[in-house]
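A.B. asks: Spelled out, the chains give:
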Amino acid sequence: MSATTIVSLPDQATARLPKTNYLNNKHGLLSWLLTADHKRIGILYLLSITFFFFIGGAFAGLIRLELLTPQPDLVASDTYNKFFTMHGIVMIFLFLVPSVPAALGNFLVPIMIGAKDLAFPKINLLSWYLYMTAGLFTLATLVLGGVDTGWTFTTPLSTHYLNTHVMTTAIGIFIAGFSSIFTGLNFIVTIHRMRAPGMTWFRMPLFIWSNYAASLLMVLGTPVLAIAIVLVALERTLNIGVFDPAKGGDPLLFQHLFWFYSHPAVYIMILPGMGVISEVMSTFSRKRVFGYTAVAFSSVAIALFGFFVWAHHMFIMGVSNYSALVFSLLTMLVAVPSAIKIFNWAFTMQKGSITFETPMLYAFGFIGLFTIGGLTGVFLGSLGMDVHLTETYFVVAHFHFVMVGGMLMAFLAGVHFWWPKITGRMYPESLSKLAAVVTFVGFNLTFLPQFVLGYLGMPRRYAAYPAEFQVLNVMSTAGATVLGVGYMLPLIYLGWSLKYGAIAGNNPWQATGLEWQIQSPPLTENFLETPIVTQEAYDYEWLEEKMKHEVTHVG
Amino acid sequence: MGISPVLWHFLVKWLHSSALFPAEASTIAPYTDALYFFLIGMTIVGTLLVGVLVVFFSIRYRKEKNPVATQVEGSTLLEATWTIIPLAIFLVTFVWGALLYFRIFNPPANAMNIYVVGKQWMWKAEHPGGQHEINALHIPAGKPVQLTMISQDVFHSFSIPDFRVKREVIPGRYSTVWFQATTPGTYHIFCTQYCGTLHAGMIGEVTVLEPKDYEKWLQESTSGMSLAQNGERLFASMGCNACHTGNAAARGPNLAGVYGTKLTLANGSQVLVNEAYLRDAILNPSEHITAGYAPIMPTYQGQISEDGLIDLVEYIKNMQSNDRVHQTLMTSEGDQAAPKTPVAGTTQER
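From first to last, the protein sequence lines are chains A and B.
Using this note's numbering, you'd call the opening residue of the first sequence number 23 and step up by one each time.
Using this note's numbering, you'd call the opening residue of the second sequence number 75 and step up by one each time.
In case anyone wonders, no lab produced these hints; they're calculated from the structure.
For every residue, glycine included, the Cβ atom is placed at its ideal position computed from N, Cα and C.
Honestly, I wouldn't trust all of these hints.
What the hints assert, rightly or not - Covered stretches of chain B (in silico footprint by chain A; criterion: 3 or more residues with CB under 8 Å from a CB of chain A, positions within the stretch not fixed):
| no. | segment |
| --- | --- |
| 1 | 116-125 |
| 2 | 146-157 |
| 3 | 161-173 |
| 4 | 310-324 |
To be verified - Once the Cα atoms are required to be at most 20 Å apart in a straight line, the calculated PhoX-like pairs of lysine-lysine come out as:
| no. | chain 1 | residue 1 | chain 2 | residue 2 |
| --- | --- | --- | --- | --- |
| 5 | A | 144 | A | 48 |
| 6 | A | 570 | B | 137 |
| 7 | A | 48 | A | 138 |
| 8 | A | 373 | B | 137 |
| 9 | B | 217 | B | 290 |
| 10 | B | 286 | B | 217 |
| 11 | A | 455 | B | 137 |
| 12 | A | 48 | A | 521 |
| 13 | A | 41 | A | 570 |
| 14 | A | 373 | B | 290 |
Let the hints inform the model, and build the full structure from the sequences given.
C.D. replies: Encoded structure:
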């Protein structure tokens, strides 16, 4: 360990993992599959979303490989269409939406507010089973021969013109939606009802605030997706005609219903990630988050505004000019709370005592990439600019910057940050820093050229393209290779650390927060006695005072 | 914006020759590009600002330099600053973008009209003079052109990047886009809305010609029948002229000169008669009963193709008087009447 590090590891010669913890108090596969422990369910989620992430990633690799040349020479057009559909569906519904809330949130939300479990442990388990069922349907689609609707299921293409496995996928997404609703419901009730004594709303960690805001979106938004999917299914099977102009239906109605969920879904993905960044920035700067209240309220503001911007996906679809104006204005407004957060994070570092551990590096990556992702979103919210840019690679680059550059960086920051708490062990320091850097470089190489491609006019979802776009596509594919390496590295060394990693101890980062006051890995009950909270979330003065006392006691 | 126009001119020239920017081939393009450069500037400044802050704090307040953190609550003044400044910039972007949007989608009154039908997987353009083209579009330079577009199957989206215009092509309704090309040459037409298997193959080429070359092209590619003439034939063969005779006693309203007027419907509401209304009135007549007429018109849903509807609409648009209706009516009534009038007795013997 270098001199700058704040990691405080127990003496490795004598250190052992705690004798009893949530991982070893019961044995056997059934004890996992029937568990009601939120931490074990978090682990189940972590394993399954990792699995789906690499499936989605494999499709991403195939897409980039196909785009290496202008001709569709790796695969035919319809196979390519199935690739990007699978990539989108798996990444959105099976990775991005559940990643932080269902994996990290499940593990941490009860601990961070001082509760023994979530409000409805069995519903929590059910939500994992629903998620897995959704995953099985998606995998079944894959085995049966795929689907080529794109993840947006645009009608009437999906209802009348495609003969692939639209129904299996639709059922999968419908079920995944319920998993999401249950998780959101569980979080809302838990955060309202089960906070430890003294854990007031404004003493809650910002991770809890952001998960709370995201849960509101899950509960209120997801049913609309379910309705849209049911209507697609009915249109496909019974030909009811709600989206069919020949029967008096309106194909634009589907767009409204779909984006009413799918725009807020972006915030379901990004808000919990923002919570992770708040925790990490504060811990490694050893300071409370700058303007805690503003950051907390900006999460709620993003959630509320997030419901009123969906039609910005339809500026060129013939919505009236005046409704386009309103939706453009609201889109500009929703960008403001994000900007507030970025500056608050940066100023959290001011007058801090900063160290550069792996989670901090990922958080820097997040801030940089999310800033670019957010600002390029302003291009698309601006009406006249959107006309030229929408449906091109500019959009592809923009949302990958937000969701992959932002969300995935935040997820990796969170996984590294809480890895010692979850497993009780540390990961290899230099390798993990290398992975963070490789990911950042690979990401920029992959997606920066796509902004240029987009302004040049290269449309999305093209298996083949005019030859003049090739140079930039080759750059992008090369970057994707580097990015792939960046993602494989953590998989390898985190797996390695499970057995060989140094024992972490209770609070390796010397962080505040209830989760760091208990043993690593935690007991099944989390706390032996209900904690009483007397200080606010990021009170480092209190922590240092406390540690000084502990040192004097030992001395 | 503080930059000298000459310098700006050279900057833009250089950028467009650098292969990082598409050609500026329409009157809209320079406006879109100006906003684009502003937004790129905003992104670079914003990202640099955040980057500089993070790097500066990382160096200034790293643990070696600053072993003990000083706790700071926050600062209302600072937070107000970084709320109000981004808000102001975003509002400027909003207004600028909105002005551009209205410029892009409000066609000048003198625009010439070309119809476009999108189908899996081709663009079919129909010029009023009857010229048809597939995955190609010929237009004159320096003249505003409006496209009236419809899809025959799924959503498509008509995009010409070098013109900076794009519009969704939707089943069941006409959408329009206009542009005025500035530089002769050929440019890509892309379908940018995913439309199924050969989405990537739905690429066309727009050829911008000097006006006199365009006239020549029109002459050479004429099919002999204009859209309106095709429409007239269809009008007669579908029996439309039996009711829309233009007479006072007719069962259907007079269609001459109806295009562009305000029509009062049976339910009292007023509608503007445009292409979309005409198309819809043919397909869903029961929802568009003109005041004073009985709801007896049958639907033509499923009986006319989108191309046919375009012909009919174009015919009705161009109908300025009832003379032609009367002529065709006489002929068709004459046909029907012929057997009833035993002039020479020869017809009965046959």
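A.B. asks: Run every hint past the structure and note whether it holds.
C.D. replies: Going down the list of hints, with the structure as the test:
Check on the segment 116-125 of chain B: 6 of its residues sit with their Cβ under 8 Å from a Cβ of chain A, so the three-residue criterion for coverage holds. Under the rule that three or more residues need a Cβ within less than 8 Å of chain A, the assignment of the segment 146-157 of chain B holds, with 8 such residues. With a threshold of 8 Å between beta carbons, the proposed coverage of the segment 161-173 of chain B by chain A holds, since 9 of its residues qualify and at least three are required. Against chain A, the segment 310-324 of chain B contributes 0 residues with a C-beta closer than 8 Å to a partner C-beta. That does not satisfy the three-residue criterion, and the hint is violated.
Under the criterion of a C-alpha separation no larger than 20 Å, the hint pairing residue 144/A with residue 48/A is consistent with the structure, at around 18 Å. Restraint check for residue 570/A and residue 137/B: satisfied, since their Cα atoms lie roughly 18 Å apart, inside the 20 Å limit. With a C-alpha separation of about 17 Å, the suggested pairing of residue 48/A with residue 138/A holds against the 20 Å cut-off. Restraint check: the Cα-Cα separation between residue 373/A and residue 137/B comes to about 10 Å, which is no more than 20 Å; the hinted pair holds.
Between residue 217/B and residue 290/B, the direct Cα distance comes to roughly 16 Å. Compliance with the 20 Å bound is thereby established for this hinted pair. Taking the CA atoms of residue 286/B and residue 217/B, the gap is about 12 Å. The hint holds against a cut of 20 Å. A hinted pair counts as satisfied when its Cα atoms are at most 20 Å apart, and residue 455/A with residue 137/B qualifies at roughly 18 Å. For the hint linking residue 48/A to residue 521/A, the alpha-carbon distance of about 19 Å falls within 20 Å, and the restraint holds.
Proximity of residue 41/A to residue 570/A is assessed by CA-CA distance (about 27 Å); at most 20 Å being required, the pair is judged violated. At roughly 74 Å between alpha-carbon atoms, residue 373/A and residue 290/B are farther apart than 20 Å, so this suggested pair is violated.
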